[in-house]
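Listed in order, the protein sequences are those of chains H and C.
In terms of the numbering used here, the first sequence opens at residue 732 and continues consecutively.
In terms of the numbering used here, the second sequence opens at residue 732 and continues consecutively.
Incorrect hints may have been included.
Interface residues of chain H toward chain C, partial, derived using beta-carbon atoms under 10 Å [to be verified]:
#, residue
1, F767
2, D780
3, D782
4, L784
5, V798
6, Y801
7, L802
8, Q804
9, F808
10, S810
11, R813
12, W818
13, V820
14, T886
15, S888
16, Q892
In silico DSSO-like cross-links for lysine-lysine, where the CA-CA straight-line distance does not exceed 27 Å [to be verified]:
#, chain 1, residue 1, chain 2, residue 2
17, H, K922, H, K910
18, H, K758, H, K792
19, H, K896, H, K870
20, H, K901, C, K901
21, C, K910, C, K748
22, H, K870, C, K910
23, C, K758, C, K792
24, H, K788, H, K765
25, C, K748, C, K788
26, C, K870, H, K870
27, H, K765, H, K792
28, C, K910, C, K870
29, H, K870, H, K904
30, C, K794, C, K758
31, C, K870, C, K904
32, H, K910, H, K792
33, H, K794, H, K765
34, H, K910, C, K765
35, H, K910, C, K758
36, C, K901, H, K896
37, H, K870, C, K896
38, C, K870, H, K910
39, C, K792, C, K765
40, C, K901, C, K792
I should point out that these hints are in silico values taken from the structure, not numbers from a laboratory.
The beta-carbon is built from N, C-alpha and C at its ideal position, and this holds for glycine as well.
There are 2 protein chains.
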Amino acid sequence: MEQNIILTVDVVLLTLKDNALQVVLQKRTWDPYKGFPALPGGYVHTEEDLDSLAAAKRVLKDKTALVSPYLEQLYTFASATRDPRGWSVSISYYALLDIETLMSQGSDRFLLHPVDDLPQLPFDHNRIIDSAVQRLRNKSTYSAVPCYLLPELFTLSDLQQTYEKVLGCKLDKSAFRRKIGELDFLDATSKARTGVHRPAQLYRIRPAKNLVLFDRTISKI
Amino acid sequence: MEQNIILTVDVVLLTLKDNALQVVLQKRTWDPYKGFPALPGGYVHTEEDLDSLAAAKRVLKDKTALVSPYLEQLYTFASATRDPRGWSVSISYYALLDIETLMSQGSDRFLLHPVDDLPQLPFDHNRIIDSAVQRLRNKSTYSAVPCYLLPELFTLSDLQQTYEKVLGCKLDKSAFRRKIGELDFLDATSKARTGVHRPAQLYRIRPAKNLVLFDRTISKI
Numbered sequence: 732m733e734q735n736i737i738l739t740v741d742v743v744l745l746t747l748k749d750n751a752l753q754v755v756l757q758k759r760t761w762d763p764y765k766g767f768p769a770l771p772g773g774y775v776h777t778e779e780d781l782d783s784l785a786a787a788k789r790v791l792k793d794k795t796a797l798v799s800p801y802l803e804q805l806y807t808f809a810s811a812t813r814d815p816r817g818w819s820v821s822i823s824y825y826a827l828l829d830i831e832t833l834m835s836q837g838s839d840r841f842l843l844h845p846v847d848d849l850p851q852l853p854f855d856h857n858r859i860i861d862s863a864v865q866r867l868r869n870k871s872t873y874s875a876v877p878c879y880l881l882p883e884l885f886t887l888s889d890l891q892q893t894y895e896k897v898l899g900c901k902l903d904k905s906a907f908r909r910k911i912g913e914l915d916f917l918d919a920t921s922k923a924r925t926g927v928h929r930p931a932q933l934y935r936i937r938p939a940k941n942l943v944l945f946d947r948t949i950s951k952i
Numbered sequence: 732m733e734q735n736i737i738l739t740v741d742v743v744l745l746t747l748k749d750n751a752l753q754v755v756l757q758k759r760t761w762d763p764y765k766g767f768p769a770l771p772g773g774y775v776h777t778e779e780d781l782d783s784l785a786a787a788k789r790v791l792k793d794k795t796a797l798v799s800p801y802l803e804q805l806y807t808f809a810s811a812t813r814d815p816r817g818w819s820v821s822i823s824y825y826a827l828l829d830i831e832t833l834m835s836q837g838s839d840r841f842l843l844h845p846v847d848d849l850p851q852l853p854f855d856h857n858r859i860i861d862s863a864v865q866r867l868r869n870k871s872t873y874s875a876v877p878c879y880l881l882p883e884l885f886t887l888s889d890l891q892q893t894y895e896k897v898l899g900c901k902l903d904k905s906a907f908r909r910k911i912g913e914l915d916f917l918d919a920t921s922k923a924r925t926g927v928h929r930p931a932q933l934y935r936i937r938p939a940k941n942l943v944l945f946d947r948t949i950s951k952i
């Protein structure tokens with residue numbers, strides 16, 4: 732059966748910089764929309780990619796030199812009209828990376844742009860980014876996912892500030908720490924950050940605890 | 732660019748029957764796996780389908796004669812190995828329908844099978860169904876989605892029983908009613924169900940309230 736489909740993957744890589752969620756964009760090197768900033772993306776290579784996740788990892792690495800510890804399928808945008816070349820499928824992924832690792836890996840290959848102030852982007856990339864931000868903010872209310880916006884080692888203050896920046900609201904310190912303690916997804920390390928304040932314990936996320944779900948309501952009634 | 736991709740949509744239509752979540756399956760009428768029960772699915776028709784949601788609606792209606800009031804994109808399963816014909820993409824949707832409507836619309840065209848006791852199905856259809864059930868159970872902890880397993884008019888007792896069957900646990904009646912009241916997604920009708928007990932008020936879901944989110948935890952700290 733002849734379908735004439737364009738199958739691509741696009742990656743929304745988010746980071747925290749200057750207190751704002753920012754997205755990695757890249758100037759397109761070919762038409763359509765040559766020269767415009769857009770999400771890193773590319774064709775699925777059926778000879779090379781075992782599945783769509785492998786394709787997303789390959790495209791992100793080839794295009795930006797970035798490797799993210801968190802890469803999750805977001806949504807599939809598939810229609811006759813989203814791409815001027817024809818009926819097109821974008822299996823979209825979102826990824827998270829701390830700003831220091833991101834800048835050290837390949838900062839000459841991409842631009843960073845705050846997600847709350849984006850220009851008009853090619854295809855439906857504005858919509859894809861909006862979906863990723865909504866998914867991240869939503870997951871931040873019940874999971875450890877925001878940890879991936881931090882470097883490997885972080886203090887509890889760093890963690891609270893990260894949740895606050897993602898959620899866009901202040902959280903009560905003692906309630907936050909009690910909740911994080913209950914959720915039990917951190918390992919205390921033997922290290923501490925020293926400075927003008929008293930030393931602050933450094934933590935890391937416990938492997939395999941990355942998607943621990945927080946309590947929800949109806950199931951607890 | 733020649734990609735040689737098979738692009739399909741598959742629909743996991745769930746209903747409640749005999750106190751259990753059941754899924755609509757259909758005997759395949761062609762190879763591969765001819766004669767085996769599988770999810771209703773089919774190729775995207777690029778000449779006809781404007782987008783993948785339209786394709787899912789068309790395939791569900793053409794194959795089963797069913798129209799669901801709730802159809803949501805679930806996940807995209809895309810790999811070199813999931814289909815013996817080649818590199819294949821299934822954009823999967825899940826749908827909900829009450830058992831009475833379902834049986835009246837086209838019961839000679841499909842089979843119903845409890846989701847907790849499935850045989851080995853073709854392709855990765857067991858995995859697709861597992862994902863749909865997990866999504867439904869998860870969403871049932873914070874949304875009005877289970878309402879779509881009920882007919883248009885229902886009592887609060889019907890509603891509680893539906894949540895209980897989906898979640899697989901008993902809920903406290905007064906806490907459940909308080910939560911449903913707070914969430915404010917129901918319209919009381921002027922009708923009541925009469926019988927051996929005192930008349931019970933009938934409700935319907937308020938349009939556009941179908942995805943109201945319940946309180947979560949971290950954002951409320």
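Do the hints match the structure? See the list:
no.: 1; hint: F767; in the structure: violated (20 Å)
no.: 2; hint: D780; in the structure: holds (7 Å)
no.: 3; hint: D782; in the structure: holds (4 Å)
no.: 4; hint: L784; in the structure: holds (9 Å)
no.: 5; hint: V798; in the structure: violated (21 Å)
no.: 6; hint: Y801; in the structure: violated (17 Å)
no.: 7; hint: L802; in the structure: violated (14 Å)
no.: 8; hint: Q804; in the structure: holds (7 Å)
no.: 9; hint: F808; in the structure: holds (8 Å)
no.: 10; hint: S810; in the structure: holds (4 Å)
no.: 11; hint: R813; in the structure: holds (8 Å)
no.: 12; hint: W818; in the structure: holds (4 Å)
no.: 13; hint: V820; in the structure: holds (7 Å)
no.: 14; hint: T886; in the structure: violated (18 Å)
no.: 15; hint: S888; in the structure: violated (15 Å)
no.: 16; hint: Q892; in the structure: violated (14 Å)
no.: 17; hint: K922/H with K910/H; in the structure: holds (23 Å)
no.: 18; hint: K758/H with K792/H; in the structure: holds (16 Å)
no.: 19; hint: K896/H with K870/H; in the structure: holds (14 Å)
no.: 20; hint: K901/H with K901/C; in the structure: violated (35 Å)
no.: 21; hint: K910/C with K748/C; in the structure: holds (26 Å)
no.: 22; hint: K870/H with K910/C; in the structure: holds (22 Å)
no.: 23; hint: K758/C with K792/C; in the structure: holds (16 Å)
no.: 24; hint: K788/H with K765/H; in the structure: holds (23 Å)
no.: 25; hint: K748/C with K788/C; in the structure: holds (23 Å)
no.: 26; hint: K870/C with K870/H; in the structure: holds (13 Å)
no.: 27; hint: K765/H with K792/H; in the structure: holds (20 Å)
no.: 28; hint: K910/C with K870/C; in the structure: holds (15 Å)
no.: 29; hint: K870/H with K904/H; in the structure: holds (20 Å)
no.: 30; hint: K794/C with K758/C; in the structure: holds (10 Å)
no.: 31; hint: K870/C with K904/C; in the structure: holds (20 Å)
no.: 32; hint: K910/H with K792/H; in the structure: violated (36 Å)
no.: 33; hint: K794/H with K765/H; in the structure: holds (15 Å)
no.: 34; hint: K910/H with K765/C; in the structure: violated (52 Å)
no.: 35; hint: K910/H with K758/C; in the structure: violated (49 Å)
no.: 36; hint: K901/C with K896/H; in the structure: violated (37 Å)
no.: 37; hint: K870/H with K896/C; in the structure: holds (26 Å)
no.: 38; hint: K870/C with K910/H; in the structure: holds (22 Å)
no.: 39; hint: K792/C with K765/C; in the structure: holds (20 Å)
no.: 40; hint: K901/C with K792/C; in the structure: violated (35 Å)
This entry does not satisfy hints 1, 5, 6, 7, 14, 15, 16, 20, 32, 34, 35, 36, 40, going by the numbered hints stated previously.
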